[in-house]
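Visitor: Residue numbers (the numbering used here), protein chains in the order written: chain A, 1 to 501; chain B, 1001 to 1501.
It is worth saying that the hints were derived from the structure and are not from the lab. Keep in mind that the hints are not guaranteed to be accurate.
To be verified - Capping the alpha-carbon separation at 27 Å, the derived lysine-lysine pairs in DSSO-like fashion look like this: (1) B:K1121 <-> B:K1376; (2) B:K1213 <-> A:K204; (3) A:K213 <-> B:K1204; (4) B:K1062 <-> A:K95; (5) B:K1038 <-> B:K1134; (6) A:K62 <-> B:K1095.
To be verified - To spell it out: a stretch of chain A is covered by chain B in this simulated footprint if at least three of its residues, at any positions, have a beta carbon under 8 Å from a beta carbon of chain B; those stretches are: (7) 16-24; (8) 31-39; (9) 211-224; (10) 229-241.
Said to hold, decoys possible - If you want a taste of the chain A side facing chain B, the calculated C-beta under 10 Å gives, among others: (11) L27; (12) R43; (13) K45; (14) Q46; (15) T49; (16) S52; (17) A53; (18) R244; (19) E276; (20) Y279.
Built from N, CA and C at the ideal position, the CB exists for glycine as well.
Protein chains: 2
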Amino acid sequence: MTTNNLYNEYVQMMQKAADMNNAAAVLSWDQEVYMPAKGAGFRGKQIATLVSAAHEILTSPKMGELLETLHTNGQLTDIEMANITKSYEDHQKHKKLPHAFVEELSLQTSECFNAWIDARKQNNFDVFAPSLAKMVDLKRRQADLYGYTGHPYDALADEYEPGANVAMLDKLFDGIKRDLPPILAAIAQAPQVSDALFEQHYPKQQQWDFSMKVLEHMGYDLEAGRQDISEHPFTTSFAPTDVRVTTRVDENNYASLLWSTIHEGGHALYEQGLPESEYGLPLGNAASLGIHESQSRLWENCVGRSKEFWNYFFPILQSYFPTQLSGYRAEDIYKACNKVTPSLIRTEADEVTYHFHVLIRYEIEKRLIDGSLATKDLRAAWNEGYQQHLGITPPDDKRGVLQDVHWSHGSFGYFPTYSLGSFYGAQFFAHAQQAIPNLNNHIAGGDMKKLLPWLRTNIHGHGRRYNSETLCQKVTGEGLDTNYFLRYVRSKYADIYGITM
Amino acid sequence: MTTNNLYNEYVQMMQKAADMNNAAAVLSWDQEVYMPAKGAGFRGKQIATLVSAAHEILTSPKMGELLETLHTNGQLTDIEMANITKSYEDHQKHKKLPHAFVEELSLQTSECFNAWIDARKQNNFDVFAPSLAKMVDLKRRQADLYGYTGHPYDALADEYEPGANVAMLDKLFDGIKRDLPPILAAIAQAPQVSDALFEQHYPKQQQWDFSMKVLEHMGYDLEAGRQDISEHPFTTSFAPTDVRVTTRVDENNYASLLWSTIHEGGHALYEQGLPESEYGLPLGNAASLGIHESQSRLWENCVGRSKEFWNYFFPILQSYFPTQLSGYRAEDIYKACNKVTPSLIRTEADEVTYHFHVLIRYEIEKRLIDGSLATKDLRAAWNEGYQQHLGITPPDDKRGVLQDVHWSHGSFGYFPTYSLGSFYGAQFFAHAQQAIPNLNNHIAGGDMKKLLPWLRTNIHGHGRRYNSETLCQKVTGEGLDTNYFLRYVRSKYADIYGITM
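Next up, chain A with everything else stripped away, as it sits in the complex (with noise of 0.2 Å):
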């Protein structure tokens, strides 16, 4: 067989894998959107077994054997030697994890969701904590099986942001905790401004409307794309085609919806950007968690939370809610959107606060995974990490330990994406500045038409082609540098709370 037709194999073989993964996050989806309750239990069973026979193609002898053959081959272009490669490393770590496992865990994760979904309607963390204890286990046995040399987080966060693990991010949080809080300190000490403006009744409709007419001039296609309303808003793809984002209402505090729209946004811009010819192969994916973050950072913040982006938005949002913004200005919104101060929700906090979100479920998260803390203890453990870093202490569950949706989908190592993704985002968004001749004017302009494409061009398009560190250092120049958003933390807040830091 030529090598041609072997590369076309291995396409045709990743295509129906992805397929059948893409099949389980429609699936996934209607779960969290439409489906009715009493669905959920036959549900667990097909997605697993999608998940499963995805499994299987991935870790078959067959694929091992093709990419054996490819990945020693002389004759791939630059673009299927990637894919080739990227596979190659994929294969050698999924084939580590038995069939039954992977069943095992997919199983777990829908009884695990739909407990967390019990456990938020009851706002008790005990109705979670046993699925949750069984989730723990597996995670622990997937890093076992992967394997690790320093710390079995090490095995788990890879999956996310390839190459993290726990030394490096101790020291991007040790950063954290050395760089955030005299930032924190200054601001308090200032004149504190008003969010009150976010605290009012706002209609479903035209809230909605609103965070559609956003979308909209992102740049977002929604003939290849939807928005639905979920209890933990999220982004997924089926293909770069339909790329879906959910938001959630709360009619007395438009921020949470507002801000949803806009991360999930970002998030899904990167999917629609994915190129289409990969699809199912790594370059049809994106780079990582990481990155993908700070896309969804770079809108949600550098964009959503700007002065420009309110001059453009804020008389239209007036339009919507005259009597609610009656006597308000674009600069009153923006303070409101950029008030920093301890919260005890991670989706609805400020900047500055929010990486200390991160970090509290980072430090409980390597002590489930190493063992040294047992799932039953997690609620005190959580509530402790709280009062120390933020002095605050959530009043129950659901403002505490129920208040993400990712430990019931067993994304450990997940978590720290996040903070790796807002000083990616920061970054970018810096040398994007530079690149795009007036980029803040047009963005005040209402015109968005211009960032889109220089991320489509230096980001979005390579898809899983350079790990983080590499596209960064294409990008920017250099590898990831935190100071860029320390330097965007520091100008912003200082003009905004009227201080020098």
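Fit chain B to the supplied structure of chain A, relying on the hints for placement.
Guide: Just chain B now, with coordinates in the frame of chain A:
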């Protein structure tokens, strides 16, 4: 391996295939209800992959061996043996279709469905014709692959109604051509009833709310299902715990949504009543499409279009539409929804002329499949049929040859089950009236809780255990007898039109 273990292995394989097919059903549901337009291309491939994977399991040599062994084994329970017998027959049939053919058919189904959507938008059959021609070719090939002794159409009809064939259907439709015209003639000579009350402006939301109320009264479990809007109403099931219906809304004609909802609700009650324990196995499926249709027709016509139903529901409907229905009485809507008159749209036809809509399609299908009618001549044949049997000609394709989704799905041989369903439905309902004391009074009091359990016990709960004729004999003591339908029609329309027949 013990018989017990072999049976378990069979169950696991069957359920894995069911998971794949049910996942494909979720993807199809989404495609027709929520999918953004550009998602169509990859979605078609994803569904094809799932359908093909399910087919691969069902036709695998391993499944063949299991069925051979279990088929001749004496140690199974009756229910187990019923499953094995049906699966054995299915296996013999399905292994006649090569994988490549199944995948091609699934791909063509997606393409053809999208072509139908396009053609409807453009109101032009020619847009649909090339894609449909490919589909007809595939169905002709499928008939050849299955094999047949009489007409090639027999091989296809048997898929939907085991045992149905041209000889039997020709006889059935000869009866229609003989028995229904005198009834239609008698009605045509009587003073006509008016259905003008439907043709007012009925706001979407209230239509929707009333339809949800009716579904609830029917006993449809909304925690195991949901209703959405689609181009063509349908029922789909992913498990007995997740059975969904769709409907369509025309604000200027309430009849469209109302009958779709009750009709699909009848289908959905059947699917929700299938035994969960037999998920993925023959006894977890419906007996046939004819029996399926008997349930939708029974609810739509025998219940929903009855005087008793409207005695209860008219005041409720009036509370939703006080202006539109002011001055009307229950009797007016009872008459309006039983107005008999030749019309263009099958799904909106009355109970008598309905069967000519089916007859026209049946005669066209036979000719497409035996090759005596070319796809390009389909519009002409359609219009000719409508002129011949109903004395009317469609003014455009949307109200003519493009009105049904079925052919775009490759469902040739499906339409006759609609007439079979009406006839089975009338026969079942006649027996329910005998078996359930005061059934009509219960319905007139809004209580349909008596009817559903009878259907559950006598029909739904058996799944595919008995074929249509055996089931009909078990329920009514005799095989299909169209005289039940004729008596029902004569008595109902004699009352409504004040005539004797």
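Visitor: Evaluate each hint against the coordinates.
Guide: For each hint, the structure was consulted:
Between K1121 of chain B and K1376 of chain B, the direct Cα distance comes to roughly 19 Å. Compliance with the 27 Å bound is thereby established for this hinted pair. Distance hint between K1213 of chain B and K204 of chain A is fulfilled; the C-alpha atoms sit about 24 Å from each other, no more than 27 Å. Taking the CA atoms of K213 of chain A and K1204 of chain B, the gap is about 24 Å. The hint holds against a cut of 27 Å. The suggested pairing of K1062 of chain B with K95 of chain A holds, with an alpha-carbon distance near 25 Å, which does not exceed 27 Å.
Proximity of K1038 of chain B to K1134 of chain B is assessed by CA-CA distance (about 23 Å); at most 27 Å being required, the pair is judged to hold. Distance restraint check for K62 of chain A and K1095 of chain B: the Cα-Cα separation of roughly 25 Å lies within the 27 Å cut-off, and the hinted pair is therefore satisfied. Counting residues of the segment 16-24 of chain A whose CB lies closer than 8 Å to any CB of chain B gives 6, so the stated coverage by that chain holds, three being the minimum. With 6 residues having a beta carbon nearer than 8 Å to a beta carbon of chain B, the segment 31-39 of chain A meets the requirement of three or more and the stated coverage holds.
Evaluation of the coverage hint for the segment 211-224 of chain A: fulfilled, as 4 residues show C-beta separations to chain B shorter than 8 Å, against a requirement of three. Taking a C-beta to C-beta cut-off of 8 Å, the segment 229-241 of chain A contributes 3 residues in contact with chain B, enough for the three needed, and the coverage statement holds. Here the hint on L27 of chain A is kept, as its CB sits about 6 Å from the closest CB of chain B, short of 10 Å. Interface restraint check for R43 of chain A: the shortest CB-CB distance to chain B comes to about 7 Å, inside 10 Å, so the restraint holds.
Proximity of K45 of chain A to chain B holds as hinted, the smallest CB-CB distance being about 6 Å (cut-off 10 Å). Of the supplied interface hints, the one on Q46 of chain A holds, with its beta-carbon coming within about 4 Å of a beta-carbon of chain B, less than 10 Å. A least Cβ separation of about 4 Å between T49 of chain A and chain B falls short of the 10 Å threshold, and the interface hint therefore holds. Evaluation of the S52 of chain A hint against chain B yields a held restraint, the C-beta minimum of about 9 Å falling below 10 Å.
Given the 10 Å rule on beta carbons, the hint for A53 of chain A holds: about 6 Å separates it from the nearest Cβ of chain B. This hint holds: R244 of chain A has a C-beta 8 Å from the nearest C-beta of chain B, less than the 10 Å allowed. At about 8 Å, the closest approach between the beta carbon of E276 of chain A and any beta carbon in chain B falls short of 10 Å, and the interface hint on this residue holds. Because the beta carbon of Y279 of chain A sits about 7 Å from the nearest beta carbon in chain B, less than 10 Å, this interface hint is met.
In summary, the structure agrees with every hint in the numbered list given earlier.
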